[in-house]
Amino acid sequence: MIYAESIPAEPFLKAIQSVGFTDVVAVPDTHQRSLIDILSKHETPRFIQAATEDEAIAIAAGLIVGGRIPLVQIQHAGLYASVNHLRGIAEDGRFPMVLLIGLLSRDAELLPHEHGGSMVRLAQPLLDTFDIPHYLMEKEDDLNFIELAYQSALEREGPVALLVGVATS
Amino acid sequence: MSDTRPSKISVDAALNVLDKRREDQVVVSTMTVMKPWREEFESDRDLFCVGFMGGASTFGLGVQLARPDVPVWIFDGDGSLAMQLGSLLTIANAAPRKFLHIVFHNGIYATSGAQPVLAEGRMSFAEMAKGAGYAEAVRFDDIESFELALDDLLEVEGPVFVELLTEPTGESFKSPNNPPVVHPEGERALPSALASRWPIVNESLQE
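Top line first, the protein sequences correspond to chains A and B.
Letter by letter, the first sequence follows residues 1 to 169 of our numbering.
Letter by letter, the second sequence follows residues 1 to 207 of our numbering.
Same shape as in the complex, but just chain A (with noise of 0.2 angstroms):
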């Protein structure tokens, strides 16, 4: 198996905890709710709520003008709804941003191209369009893909997405 049921968010967490990221801009997403509870309760990183996604990167860029170090947490739904932000301001901005997309609905049996439905199908084919690159968290083991994310967005000077391809827990 190379895939887990499940994702624990103490350990998620923790592992963003470590990164150093200072602030979580957050748009709810049911696939991340167990994390975005924890995060909820966590004095740092700090909690921001946005009223939808293309705002949750505008903020996250701010926030980098201002010397902190923001992870956006959205849903798939929210990418597809964010793109003009995610290509004006974090890409051409040239943001060091990670993004962490929650893939609601996933069939962990399968790839993500592999299935019926677009939402999951097209988010990795929407972010290589926009040549940014991505990872997909599967288990606990993943989760130093957090570390990685944030070194590529600081080389790349640009967003680097974390596809959260099962639920927390």
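Fair warning: there could be bad hints in the mix.
Among chain B residues calculated to face chain A with C-beta under 7 angstroms, some are [said to hold, decoys possible]: (1) Ser87; (2) Ala132; (3) Asn202.
Pair by pair, the computed Cβ-Cβ distance ranges are [claimed, not checked]: (4) B:Glu40 x A:Pro11: 47 to 55 angstroms; (5) A:Thr30 x B:Asn202: 29 to 37 angstroms; (6) A:Ser105 x B:Glu40: 48 to 56 angstroms; (7) B:Asp151 x A:Asp128: 48 to 56 angstroms; (8) A:Pro28 x B:Ser43: 31 to 39 angstroms; (9) B:Gln115 x A:Gly67: 23 to 31 angstroms; (10) A:Lys14 x B:Asp151: 29 to 37 angstroms; (11) B:Arg21 x A:Arg46: 29 to 37 angstroms; (12) B:Glu127 x A:Tyr80: 39 to 47 angstroms.
For the record, the hints were derived by calculation from the structure and aren't laboratory data.
Here a beta-carbon is modelled for each residue, glycine too, at the ideal position from N, C-alpha and C.
We have chain A already, so just place chain B on it with the hints.
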């Protein structure tokens, strides 16, 4: 709500009033107002937003949340704000204390042929901001009243929203901050205005 057109405030007059009060604020400007502000008053604490309509205010919110000690002013467009009305809730919820959000309400999409902003003459951005939960939200249709009230508004714990009913400038927008660039195939485009500006502001905030 009655129709308040024609409005009486010139953008240049409003910008002059604001510049007179400017000290260490980070200013995030966008759309029609950005060009005259940049030409006259650009500093190392200016951020210019092109290519992501509606994002100026939440971009500035991020700066304010990172640096609560530094006041942030937003010079927004009416069409821009209409594209991201939910941002009023996001900003009100975050409750940034030193945050002045000004929308220059000229009633038209000035750069694309002067199409009217939706519900023009019947809606009020200030009422929306008030309803969303801004600490203060006021509307002005003459420069004297705005100038008279501004000093007090700057003392209010924010977020503060100001709607200025301004004269349409009629100028077409030439996207001066994002000139077309030609770059070799396979390489990323040359830095946009935002990419080149934000490290300057970042550095200024560290001084």
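Right, here's what the structure says about each hint:
1. A distance limit of 7 angstroms between C-beta atoms decides the matter here; for B:Ser87 the minimum to chain A is near 5 angstroms, and the interface restraint holds.
2. Taking 7 angstroms as the C-beta contact cut-off toward chain A, the hint placing B:Ala132 at the interface is violated, the least distance being around 10 angstroms.
3. Annotation: interface hint on B:Asn202 holds; nearest CB of chain A at approximately 5 angstroms, less than 7 angstroms.
4. Range check, B:Glu40 to A:Pro11: about 53 angstroms between beta-carbon atoms, so the 47 to 55 angstroms window is met.
5. Judged by the Cβ atoms, the range 29 to 37 angstroms given for A:Thr30 and B:Asn202 holds: they are separated by roughly 35 angstroms.
6. Distance hint check for A:Ser105 and B:Glu40: the Cβ-Cβ separation is about 52 angstroms, which falls inside the suggested range of 48 to 56 angstroms.
7. Between B:Asp151 and A:Asp128 the beta carbons are some 52 angstroms apart, a value that agrees with the proposed interval 48 to 56 angstroms.
8. The hint said 31 to 39 angstroms for the Cβ distance between A:Pro28 and B:Ser43, and at roughly 38 angstroms that hint holds.
9. Take B:Gln115 and A:Gly67: their Cβ atoms lie about 40 angstroms apart, and the range 23 to 31 angstroms is violated.
10. Evaluation of the 29 to 37 angstroms hint for A:Lys14 and B:Asp151 yields a failure: the beta carbon distance comes to about 48 angstroms.
11. One distance hint, 29 to 37 angstroms for the beta-carbon pair B:Arg21 and A:Arg46, holds here, with the actual separation near 30 angstroms.
12. At about 32 angstroms, the beta-carbon gap between B:Glu127 and A:Tyr80 misses the expected band of 39 to 47 angstroms.
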